[in-house]
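Here the sequence shown is numbered in the working numbering, starting from 1 and rising by one per residue.
Each hint should be verified, as a subset may be incorrect.
[Unchecked claim] Cross-link-like lysine-lysine pairs, in silico, BS3-like; alpha carbons within 30 angstroms at most: (1) 154 - 75; (2) 110 - 75; (3) 119 - 75; (4) 154 - 140; (5) 150 - 110; (6) 140 - 125; (7) 140 - 75; (8) 150 - 125; (9) 132 - 119; (10) 140 - 150; (11) 125 - 110; (12) 140 - 119; (13) 132 - 154; (14) 125 - 154; (15) 110 - 140.
[What the hints assert, rightly or not] Restraint-style ranges between C-beta atoms, simulated for each label pair: (16) 240 - 174: 55 to 61 angstroms; (17) 108 - 135: 18 to 24 angstroms; (18) 111 - 205: 43 to 49 angstroms; (19) 131 - 99: 34 to 40 angstroms; (20) 49 - 75: 35 to 41 angstroms; (21) 155 - 86: 19 to 25 angstroms.
In case anyone wonders, no lab produced these hints; they're calculated from the structure.
Ideal Cβ placement from N, Cα and C applies to all residues, glycine included.
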Amino acid sequence: MNQHVDRRALLSSSAVATAALAVAGANQGAGAGGTQASGVSPELQGLIEAKHAAYARFIAAIDVATELEDAYLPKTAELFIPLSIGGGQSRTLRYGDLDEVEADLRDEIKRRYAEQQQKLAALAKVAPDLGKQSTTALRKAEQTDLRTLKRLIKEERARRSAVGLEQAINERNEACDAERYSLNAVCAYRCTTMEEHRVKSQFLMEFATGKYGDLQSEDIDALLWSFLPVEALEAAVEAVEGGVA
1 MNQHVDRRAL LSSSAVATAA LAVAGANQGA GAGGTQASGV SPELQGLIEA KHAAYARFIA
61 AIDVATELED AYLPKTAELF IPLSIGGGQS RTLRYGDLDE VEADLRDEIK RRYAEQQQKL
121 AALAKVAPDL GKQSTTALRK AEQTDLRTLK RLIKEERARR SAVGLEQAIN ERNEACDAER
181 YSLNAVCAYR CTTMEEHRVK SQFLMEFATG KYGDLQSEDI DALLWSFLPV EALEAAVEAV
241 EGGVA
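Working from the sequences, and respecting the hints, build out all of it.
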């Protein structure tokens, strides 16, 4: 499962969600009637339902994107960048979105030119002027190849958009993020009754035991923090944000 959600964002969102749930629970405490009597709050029920809905959206998005990938991209499809220093650099287009393809190719092109630059070190010692000219030419060639990469990525993105593949991949990524957030929200929920603990545990055993995916580190953090007072989590979030700043 792709990871588009960073840990700090999840930690911060957990604190916000926890505070919001606490306020909502207080407002609904009186008159909740049958729901409170059951021992499971509407908030927990809603979070679990949201997780089911997010998972269904993710699976549907995978199906649509995979069908379009199969139709548009053969398994041997790749993007090839000819290099000014000879040869070229390629990357498969079949797996991963274009941002990942572009980043990988950019890193590889820069690595290839760095290797060539190291070979000029000896020349610079023997003939400084020639070495300087060669270095300048090498840098210009690298920039030319990187511009070629950018142009080819733009053209490939336009071709994908024309058949709906780019949109389908974006939806798959967004659905993946939403599914990850929804699972983390369940982990972060603070149970107030033994019945809530039972329902939450049963849900996590079903959705976090390998069949649908495992808990990530940020989910485990949220789950553990859910057993501590809200103040402790808020202090931890402030400490993290202070350290980043």
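Verification of the hints:
| no. | hint | result |
| --- | --- | --- |
| 1 | 154 - 75 | holds, 21 angstroms |
| 2 | 110 - 75 | holds, 26 angstroms |
| 3 | 119 - 75 | violated, 36 angstroms |
| 4 | 154 - 140 | holds, 21 angstroms |
| 5 | 150 - 110 | holds, 14 angstroms |
| 6 | 140 - 125 | holds, 21 angstroms |
| 7 | 140 - 75 | violated, 34 angstroms |
| 8 | 150 - 125 | violated, 35 angstroms |
| 9 | 132 - 119 | holds, 13 angstroms |
| 10 | 140 - 150 | holds, 15 angstroms |
| 11 | 125 - 110 | holds, 23 angstroms |
| 12 | 140 - 119 | holds, 17 angstroms |
| 13 | 132 - 154 | violated, 33 angstroms |
| 14 | 125 - 154 | violated, 41 angstroms |
| 15 | 110 - 140 | holds, 12 angstroms |
| 16 | 240 - 174: 55 to 61 angstroms | violated, 25 angstroms |
| 17 | 108 - 135: 18 to 24 angstroms | holds, 20 angstroms |
| 18 | 111 - 205: 43 to 49 angstroms | holds, 45 angstroms |
| 19 | 131 - 99: 34 to 40 angstroms | holds, 36 angstroms |
| 20 | 49 - 75: 35 to 41 angstroms | holds, 38 angstroms |
| 21 | 155 - 86: 19 to 25 angstroms | holds, 23 angstroms |
In summary, the numbered hints that this structure violates are 3, 7, 8, 13, 14 and 16.
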